[in-house]
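Sequence lines, in order, name chains B and C. Per the working numbering, the first sequence starts with residue 24, numbered consecutively. Per the working numbering, the second sequence starts with residue 370, numbered consecutively.
Hints in this document: simulated from the structure, not taken from any laboratory. Don't take each hint at face value.
Okay, the calculated beta carbon distance ranges per label pair [as the list claims (entries may be wrong)]:
| no. | chain 1 | residue 1 | chain 2 | residue 2 | range |
| --- | --- | --- | --- | --- | --- |
| 1 | C | S404 | B | Q225 | 34 to 42 angstroms |
| 2 | C | D412 | B | V322 | 55 to 63 angstroms |
| 3 | C | S408 | B | S224 | 30 to 38 angstroms |
| 4 | B | S317 | C | D502 | 15 to 23 angstroms |
| 5 | B | P301 | C | S408 | 34 to 42 angstroms |
Covered stretches of chain B, going by a simulated chain C footprint (3 or more residues, C-beta under 8 angstroms) [to be verified]:
| no. | region |
| --- | --- |
| 6 | 234–246 |
| 7 | 296–305 |
For lysine-lysine, the following DSBU-like pairs were computed, each having C-alpha atoms within a straight-line distance of at most 35 angstroms [stated by the list, open to error]:
| no. | chain 1 | residue 1 | chain 2 | residue 2 |
| --- | --- | --- | --- | --- |
| 8 | C | K378 | B | K299 |
| 9 | B | K251 | B | K292 |
| 10 | C | K459 | B | K303 |
Note that CB positions come from ideal geometry on N, CA and C, so glycine has one too.
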Amino acid sequence: MTVTDDSKTAKSSTTVAQGIILVILSLCAILLPVVIRKIFNLTDSTDGAEFSGSVSALLSMALYVIEAFLYLICGWSMSQGKFKIASIYVIYGMLSRIFLSIITALILNQTIIDSLTKSSSYYWLYRIIEISITVIILLLPVTAIVRIIYHTENVKDNKNKVEQQFSFATKKINTDANIRVFRPEEVSDTSTHLTPPEGFSQVMPAVGITGTISVPSTLILEAVPEAKDIIATDNDLPIELQYVIPQISNATLWFTWQQLFRSEVVAAKFQDRWVKIPAKYYVFQIPREYYVSSIESPVWMTREAVPQENDLNIRGVKKSEMIKPENEI
Amino acid sequence: MASINYASKEIYCKLVYYGPGLCGKTTNLQTLFSSLDSSEHGDMVSLATPGERTLYFDFLPINVMTIGSFTVRFALYTVPGQTQYNATRKLVLRGADGIVFVADSQWDIMQENQDSYNNLNLNLSEYRLNLRDVPHVLQLNKRDLPDIAPVWYMNYLLNANNVPAIESVAVANQGVMETLQTLCKFVIRDLVHRYNVGAL
């Protein structure tokens, strides 16, 4: 998505405001546990003797890691504009902290407040994780903001629309505002539909087959529109049968430009372009002998008829007309 | 694979309508549902999107005949034709006793027909089955439309096993019953041969 010059100012002020809100929300999410810690007069002092080597130390470490993960998910959710989900993970993070305190209190026979004010001997590790996550959480939305401000967001990934980044952004294009949204250019058939299917390999010409079929030149120009100066649109173009026959078991023929115009018009930039010829343009021009297959019917078709199948009448069969159970095969 | 319930004296066969999107698989079942005597079929279950595209499958149970002391019941299923639902198609295809490959006769859909036919072969191969070993018929649907491919060409393209090909116009109830009847015959013959149903 690009924005016209005259609307850049309005766009920038909007995105900056959104960015500021995003940063504030991120900080709130990050600082919540810190605030809680301050409320309960938490200190950074460690008490290794109580935790060291104990089950509670391991448990608390695990819960710290879980809490850290929850904040990480929270940060990621925020960067995606999923604020409700982010807030849920903040709450989960807080709950895990409280749960940890309760467990620790029970194990160490403390009050919950005491437990909250204690820290394990792994505190330094938790601190590192917390700082890392804080940085990541901060960086994620900042990256998104930078992308939006510099209008590179939708160029890089068209799926990441502004509406998805910011849930409070308008869902409709406001045509009254001085903002114009330029959609990506329609992708031409050349790049999407005119490439052979996966696994297709360029056919080799069949030996001993002569003759040509002719197809409308518009088909070729559809694939290579740049060639309109080279090919006359009102003429049919010949294609050699030796390239056609090896492909007729497919519903579509695929040729490179080079195969179609081997000796005449070989423009370097067209050589590797694929041209698709649907079946209806060539089927009736190919001798029927090439379509003959001599495959025998499967075994199940040769099985003996069952007597009851004569009574098989799906056109509204009545139960009363069905074969009586006594009539066994 | 057919299941035999000795207690209720019933044989259940699963028939699957396979084909590209919008080729008329669901229409086939709807036509059968509205044409058959109500005593001969159960409720039709259809899980579709608001745009009436099959989302998961359509299901129509019908009772066709008795063999010996057993009532043969056919459960007709359709698969979602859209490319992205291959997992569902594979699931629905599992245990099929017979397959109707519904092909759209329009020239413009020929590639989709072939892709779907290849997809059918691929999905069966994942169950270690070969389409040639499974009773199936080819239904050439939408024969009433202009710009359609000739039968001989569709046979060449989509009938690698030289099975019966039936022309149909599902919306007008042409060829729908014939298709089912033809497949049922082959399925029953196969059933009788494989399980010796007459001796049950």
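Consistency of the hints with the structure:
Taking the beta carbon of each, S404 (chain C) and Q225 (chain B) are about 49 angstroms apart, not inside 34 to 42 angstroms as hinted. Between D412 (chain C) and V322 (chain B) the Cβ separation comes to about 36 angstroms, which falls outside the hinted range of 55 to 63 angstroms. At roughly 56 angstroms, the beta-carbon separation of S408 (chain C) and S224 (chain B) lies outside the given 30 to 38 angstroms, and the hint is violated. Take S317 (chain B) and D502 (chain C): their Cβ atoms lie about 20 angstroms apart, and the range 15 to 23 angstroms holds.
Between P301 (chain B) and S408 (chain C) the beta carbons are some 46 angstroms apart, a value that contradicts the proposed interval 34 to 42 angstroms. Only residues whose beta carbon comes within less than 8 angstroms of a beta carbon in chain C count, and the region 234–246 of chain B has 0; fewer than three means the coverage is violated. Residue count for the region 296–305 of chain B with a Cβ under 8 angstroms from a Cβ of chain C: 3. That meets the three needed, and the coverage hint holds. At roughly 55 angstroms between alpha-carbon atoms, K378 (chain C) and K299 (chain B) are farther apart than 35 angstroms, so this suggested pair is violated.
The suggested pairing of K251 (chain B) with K292 (chain B) holds, with an alpha-carbon distance near 14 angstroms, which does not exceed 35 angstroms. The hinted pair formed by K459 (chain C) and K303 (chain B) meets the criterion: a straight-line CA distance of about 31 angstroms does not exceed 35 angstroms.
Figure legend: structure checked against the earlier numbered hints; hints not met, in rising order: 1, 2, 3, 5, 6 and 8.
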